[in-house]
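K.L.:
Each chain, letter by letter, is given below.
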Amino acid sequence: MADARAWLLWALTMLLSASFSRNPLYSFLLLLVTVWVYNTCVTAEEHRSPLTPLRFALFTIPLAALFNALSTHFGRTQLFRLPDWIPLFGGAVTLEALVFGAINGLNLTVIFSSFTTFNRALAVRDLIALTPRAFHESGVVLSIALTFVPQTVRSLQRIREAQAVRGHRLRGLRDWAPVFTPLLVSALERALMLAEAMVARGYASVAAAVHTRTRALLALGLVMLLAGWLGALFVPAARAIAIASLGMGVVALVGVVWSMGRTVRHTVYRPRRWRARDTWIVAGCAPTLILLLVERGAFYYSPYPDLAWPAFDPLVGLGLLGLLAPALFAAPPPRERHDDPLRTP
Amino acid sequence: MVRRLLAGMIYALSGVLGILAFLYPFFMPYAPAVSANAIQRQVAPLLTAALVGLSLLALLLELQEQTLSAKTVALMGVLVAVTSVLRFIEVAIPMPGGFSPIFAPIIIAGYVFGARFGFLMGALTLLTSALITGGVGPWLPFQMFTAGWAGMTAGWLPHLHKRWELPLLCLFGFVWGLLYGAIINLYFWPLAQGPVEQSWTQGLGLKDTLLHYAGFYVVTSLMWDLIRAVGNVALLLLLATPMLKALTRFRRRFHFEVERG
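If you read the sequences in order, they're chains A and B.
In short: position in the first sequence from 1, add 2, done, that's the working numbering.
In short: position in the second sequence from 1, add 14, done, that's the working numbering.
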């Protein structure tokens, strides 16, 4: 399995290219790439989700096409007319608007399926490893929660069995109360024990308070983000300054996260190693990222006002195929998923 | 004094930034830089997603510093676990529409433990259940923010006489059931609309945008959200009384102190 950071880069590249691509041919290519990666990198036992990319596509694309066709009345190829007295939907229903909506649905499907692949290909532990260190306390809550989930599932089963012995049956919603209350109370009991144990072991007793300077920087970063964003939107004359302010705000926030993370002492039990496969994935994302930076115009396509066949540049298509890297360099051996929080032994 | 001022500033700024980023489709038509430039329009949804993510990060940094001691860490972790298990049941047994059992516990926890706890509880519950059910994606910061707001506003509710507590929480749950869908759609809408030409043409004013959004909302999500709102009320009717009782009792029990000898 590849490194979580490489996977994240892959998913973000997918997100970027799907949001920029208006050209249905490229979007369709991206969808094929994702489905291929999904089928290679996600093992059969992880196909638990009721919402596979295919089902999402079958639902989203027609819906987006239909809504857009009904609510937008641009385009010259009229299919039929709805009476004008209907608010919003009244007017001409055009083929162009239908196509435009379908492209939107296609792009949404690409985004959805690439992130589904990202989620399913990685173990929960690797996803948590992506959280920055500054979020230590939130991370502790998260890992307590994830540790307690299987325990909660088990105690749910125990309580249900105990209630079933007493003749209780789960029929409607109302029958959940005698199950939920003991579940909650026993969970709170465990929380109390855990809190006592943590206090007894000195958790957070010497936690360094965050420096006033750091928090001032945090506030300043937010001010710059807000000012920069609104400036870039509403004051075209000061665009350069606004973008600089936006950039400085991002730098300030990232700096705060980084410097707060440095104060958290934290050791990794099983460090992940960066392998050649990960470098290949990054290299596979590179052509698409470069295309997005340099040749964004190539992704542009508009069905309005007259529907025309979108252009397809084989070189761009070849660049997008680099995103197949996770599938091409996938590790074939079957993997045990020890840390699945929902599987009870 | 300076600390409190800074904390207040961080809450206010990240709140304003978050709300504006959610509402941007409505004021975007008035932005001269955007309506003139096609590339800007394409960047806009991504930029707002990044802004929501960043302000969420800032708010979480500040809140975790203020709220999470050893005791609340354990309490919140366990509450999040129980709520996420409820969410897992939802995924395993498909319920009708947008029904989701996670809001009732978030609202009750926010009501009992206050606004800060409520925000963190909402945000971290969504994060945990996204990790478990495989729902991490660009939509996650929006979901975390919105669920956090549900928990936070629950902390602002007045603590009335016992008789009015349940109706108040039910009404609140109903409103948030609808509101959650409407807010989350704001993220989804510009993408579903397509970032060019049609929706953000220069002439399109606030009224048309609102009308457009209303149409989108009624067609795609009103039924879905109504089911969620009614489900919230049903769950709150069922769970609020025992859960309030248990949480209030445990809130007292969590006030233990270690004697330093």
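Fair warning: there could be bad hints in the mix.
As the list claims (entries may be wrong) - Only some residues are given here: those of chain A computed to face chain B with a beta carbon under 8 Å:
{"hint": "1", "residue": "VAL181"}
{"hint": "2", "residue": "THR183"}
{"hint": "3", "residue": "LEU309"}
{"hint": "4", "residue": "TRP311"}
{"hint": "5", "residue": "PHE314"}
Unchecked claim - Partial selection, computed: residues in chain A whose CB lies under 7 Å from chain B:
{"hint": "6", "residue": "ASN25"}
{"hint": "7", "residue": "LEU27"}
{"hint": "8", "residue": "ALA179"}
{"hint": "9", "residue": "SER188"}
{"hint": "10", "residue": "ALA189"}
{"hint": "11", "residue": "VAL253"}
Think of the hints as simulated: they come from the structure by calculation, not from any bench.
Ideal Cβ placement from N, Cα and C applies to all residues, glycine included.
K.L.:
Now look at each hint and say whether the structure bears it out.
P.N.:
Evaluation of the provided hints:
1. For VAL181 of chain A, the interface hint is violated, since its Cβ never comes within 8 Å of a Cβ in chain B; the closest pair sits about 11 Å apart.
2. The interface hint given for THR183 of chain A is met, as the beta carbon of that residue sits about 4 Å from the closest beta carbon of chain B, less than 8 Å.
3. Among the interface hints, the one on LEU309 of chain A is violated; its C-beta lies about 14 Å from the nearest C-beta in chain B, farther than the 8 Å criterion.
4. The beta carbon of TRP311 of chain A is not positioned within 8 Å of any beta carbon in chain B (closest approach about 19 Å), and the interface hint is therefore violated.
5. Taking 8 Å as the C-beta contact cut-off toward chain B, the hint placing PHE314 of chain A at the interface is violated, the least distance being around 20 Å.
6. With a least beta-carbon distance of about 12 Å to chain B, the hint placing ASN25 of chain A at the interface is violated under the 7 Å criterion.
7. A distance limit of 7 Å between C-beta atoms decides the matter here; for LEU27 of chain A the minimum to chain B is near 17 Å, and the interface restraint is violated.
8. A distance limit of 7 Å between C-beta atoms decides the matter here; for ALA179 of chain A the minimum to chain B is near 5 Å, and the interface restraint holds.
9. The beta carbon of SER188 of chain A comes no nearer than 10 Å to any beta carbon in chain B, farther than 7 Å, and the hint placing it at the interface is violated.
10. The closest approach between the C-beta of ALA189 of chain A and any C-beta of chain B is roughly 5 Å, which is under the 7 Å cut-off, so the hint is satisfied.
11. Annotation: VAL253 of chain A was flagged as interfacial toward chain B, and the flag is violated, the nearest CB pair being 11 Å apart, outside 7 Å.
Violation of the numbered hints given earlier is confined to hints 1, 3, 4, 5, 6, 7, 9, 11; the remaining hints are satisfied by the structure.
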